[in-house]
Structures are given as structure tokens and as C-alpha cells.
Amino acid sequence: LLWREWEGESVVFNSGSGQTHFLNAVSAEALRAMEETSMTTAALVEHFLELMPESEPDALARQMDRLVRDFAELGLIDPCLDE
Amino acid sequence: VPRRIADLSHQELVQRLKSPGILIDSGAVTSRLLSPLPEAADALIGAYGSFPLVSPDRLPDFRCIVRSARGLRRWFGRQAIPDFDRPSPFIPLPVRMVALAIESALNWSVAAKLHWLLVFHAAVVERGGQALILPGNTGRGKSTLCAALVAAGWRLLSDEFCLFDMETGRIHPNVRPISLKNDSIEMIRARGAMDDLTPAITGTPKGTIAYWPPSMDAIERRYETPRPLAMAFPFFDPGANADLVTMPKARAFMQVVASAINYEIHGETAFHAMASFIDQYPTYQMIYPDLDHAVALAARIEDEAEAA
Chain Y
145 LLWREWEGES
155 VVFNSGSGQT
165 HFLNAVSAEA
175 LRAMEETSMT
185 TAALVEHFLE
195 LMPESEPDAL
205 ARQMDRLVRD
215 FAELGLIDPC
225 LDE
Chain W
49 VPRRIADLSH
59 QELVQRLKSP
69 GILIDSGAVT
79 SRLLSPLPEA
89 ADALIGAYGS
99 FPLVSPDRLP
109 DFRCIVRSAR
119 GLRRWFGRQA
129 IPDFDRPSPF
139 IPLPVRMVAL
149 AIESALNWSV
159 AAKLHWLLVF
169 HAAVVERGGQ
179 ALILPGNTGR
189 GKSTLCAALV
199 AAGWRLLSDE
209 FCLFDMETGR
219 IHPNVRPISL
229 KNDSIEMIRA
239 RGAMDDLTPA
249 ITGTPKGTIA
259 YWPPSMDAIE
269 RRYETPRPLA
279 MAFPFFDPGA
289 NADLVTMPKA
299 RAFMQVVASA
309 INYEIHGETA
319 FHAMASFIDQ
329 YPTYQMIYPD
339 LDHAVALAAR
349 IEDEAEAA
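Those sequence lines, one after another, are chains Y and W.
Under this note's numbering, read the first sequence as residues 145 to 227, first letter to last.
Under this note's numbering, read the second sequence as residues 49 to 356, first letter to last.
The set of hints was computed from the structure by calculation and includes no laboratory data.
Just so you know, even glycine gets a beta-carbon here, dropped at the ideal spot from N, CA and C.
Fair warning: there could be bad hints in the mix.
Some chain Y residues well away from chain W (every beta-carbon gap over 10 angstroms; in silico) [unchecked claim]: (1) 181; (2) 183; (3) 199; (4) 213; (5) 221.
Chain Y is faced by these chain W residues, among others (derived, beta-carbon under 10 angstroms) [to be verified]: (6) 315; (7) 323; (8) 327.
Construct all of the structure, not just a fragment, from the sequences and the given hints.
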């Protein structure tokens with residue numbers, strides 16, 4: 145993946161699909177975290193709870209679950225079968 | 049003195065259009081136009097008469113044929129249709145609209161085949177050696193805005209495509225007539241294109257169309273490749289106050305990608321080139337309720353660049 149960030153918003157080029165995607169600050173942080181090391185969705189939620197302790201865990205889990213599915217659909221991550 | 053297309057007699061032009069064709073050199077692109085239709089000669093004189101008469105021996109980038117419609121369509125009146133050696137999206141038009149068929153063919157050549165530059169939908173004008181890029185997809189009023197800026201003294205590079213050189217970061221002209229539609233014809237006529245407009249063609253799929261040929265200066269300077277001044281996304285809103293709003297760069301990037309024609313062909317190279325462009329130059333949304341305000345906002349962009 146190729147990244148550029150401006151004022152907290154990012155664009156990422158997926159050399160696999162040839163597509164470019166816009167990411168807001170949260171989705172960019174999630175993708176960067178997963179790019180750095182493979183992790184479960186639960187670990188991703190933990191990562192964000194550390195960054196944003198005021199977040200509501202259930203809502204955050206739902207948001208991360210949706211985000212992970214979107215990333216997988218776009219080919220930005222390579223999901224494993226069993227978490 | 050170099051000869052111009054208009055220096056040919058009507059008969060010579062009709063003959064040359066049949067073979068070997070007329071070469072239209074618009075700067076970054078040279079196209080060989082071929083047509084058996086005598087009406088194409090009239091259309092060419094009106095819109096491209098001031099263009100240089102290029103030797104037919106020169107190798108063009110593209111070959112465009114505008115021919116008669118074939119088969120049963122001929123019985124519904126003579127029709128003109130661009131003809132390419134690959135599937136193309138054209139419908140036959142009555143032969144009186146041959147100018148539109150020619151412009152469609154020339155545009156399609158750029159959109160489908162010009163891949164040594166990054167091509168995206170935008171009007172581009174230049175002043176003081178810097179190009180103002182006004183991205184927007186077809187039908188968003190960028191030709192009218194472009195014409196208003198040209199009438200205000202900006203040099204025309206293109207009313208349709210920005211041709212961005214990914215190696216040098218410069219903008220290549222594709223100098224061709226500005227396509228004006230419906231109400232914008234009289235609006236631009238009133239701004240100085242008094243006698244230059246081609247006769248209006250009524251009843252086209254896009255309504256009434258007239259072409260404003262480029263000035264001699266724009267034609268002569270068709271190889272000058274200015275560096276960018278800024279990118280301004282035009283937004284026409286008759287009820288709004290004129291405003292120049294800084295556009296977040298990541299969003300500007302994505303809007304250019306959305307209006308790009310061959311971005312995916314260039315892949316990483318286009319990503320890096322466009323990111324470098326977005327890094328270096330200001331990006332705006334230009335909100336304008338009328339053309340006078342749009343012209344003033346374009347001047348403000350120049351002022352802000354000078355002050356920076």
C-alpha cells in the first residue's frame with residue numbers, strides 16, 4: 145500500500161487492485177495498525193480503546209467490525225478464516 | 049507566413065478531407081481528420097480555420113474518421129458518425145451536426161488513447177505562465193467558466209481535459225474550440241466572443257451548441273507547457289455568495305481521481321505524481337453565483353499565489 149496523508153486525512157493506493165481510497169483519521173489509524181502487524185478485530189478494538197479511552201467499547205467494536213469487513217472487501221487487508 | 053487551414057479553398061479542403069486528411073495540431077495532440085462529407089469542410093473552416101496547415105506527411109497521434117451512417121439509417125436523411133477501429137460510443141447525427149461529430153471524435157481520441165500524460169476532466173487556462181486547473185466532469189459548466197476566463201484575458205489550454213505531464217509536473221495544452229451550450233452561448237457572446245462563434249447548431253442531444261475557436265495567440269502558444277497555479281473545483285450556485293474555500297488536500301486528490309480518465313492505467317506513477325501536485329499547489333473550492341464573480345475569484349487565486 146502507498147500512503148499520503150494531509151491534515152489528518154489520507155489517501156491510500158492499493159497496488160494490487162490499482163484503486164485509490166480515501167481514509168479519515170480513524171480508518172487510516174486502523175489500517176496502519178493492521179498493516180504494521182496482523183491482529184484480530186478484538187485486538188484492534190483494544191488498540192483504539194488505548195488511543196481513545198472515552199470510547200464506548202460495544203460501539204467501537206461494531207465500528208471496527210464494519211471497517212475490517214470493508215477493508216477486506218476492498219482488498220486492503222487479507223483476512224484469516226478463524227480469528 | 050505559415051499557411052492556415054482557412055487558406056485552402058473549399059474544394060481543396062473537401063478533397064483533402066477525403067485523402068490524405070487534415071492534420072489538426074492542438075499542442076499535445078495531432079489528429080488526422082478524414083471525412084467524405086463535404087459539410088465537414090465547412091465545420092472545419094468555422095472552428096479550425098486559424099489552425100496551421102500541417103503537412104499530411106507528418107505522423108499524427110490519432111486518426112479520426114467522420115463518415116456517413118451506413119445501412120438503413122441512410123434512408124432517414126444523411127447522417128454523420130465518428131468511426132474508429134474499435135468499439136466507440138457514438139450515435140449517428142444529422143449531417144448538419146457534423147461539427148459535433150468531429151469534436152466528439154477528437155475528444156474520444158484523447159480520452160481513449162492518450163496515455164503518455166495523465167488525463168482528467170478539467171478546463172485549463174493560463175496567465176502569467178501559470179495554469180489554473182478547474183476540474184469537473186462533463187456537463188458541470190466548466191466550458192462556460194473557461195470561456196468567461198478566456199474572455200477576461202486568460203489563455204485557453206483546454207475546456208475539456210487537463211493533460212498533466214507526470215515527469216515534469218507541467219500542463220500540456222490541447223487547444224481546441226470551446227464548446228458552448230444553450231444559454232451560455234449568448235452569455236459568452238456578450239463577453240467578447242462577438243463575431244467569432246460558429247453558427248449555433250440546434251437540436252443536438254445536448255441542446256443548442258456553438259463553438260468559440262481559440263485565439264491566434266492560444267494557437268501559436270500551443271507548445272508552451274505552463275506549470276500549475278492552483279486547482280480550483282468550480283461550484284456554480286446562483287443563490288450562493290461567491291467564495292474561495294480551501295479544499296482539504298486528500299479530498300481534492302480523490303476528486304481528481306474521480307474525474308481522471310487514465311489514472312488506473314498509470315497506477316503508482318499517477319498516484320505519486322498527483323500526490324506531488326497536491327503537495328505543491330493550493331486546492332480550492334470556487335463557489336460562484338455568476339461568471340463575473342468566477343472571474344474575480346480566479347484573479348484572487350493569482351493574488352494569493354503571489355502573496356504566498
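- Task: Against the earlier hints, flag every one the structure doesn't satisfy and list their numbers going up.
- Result: none
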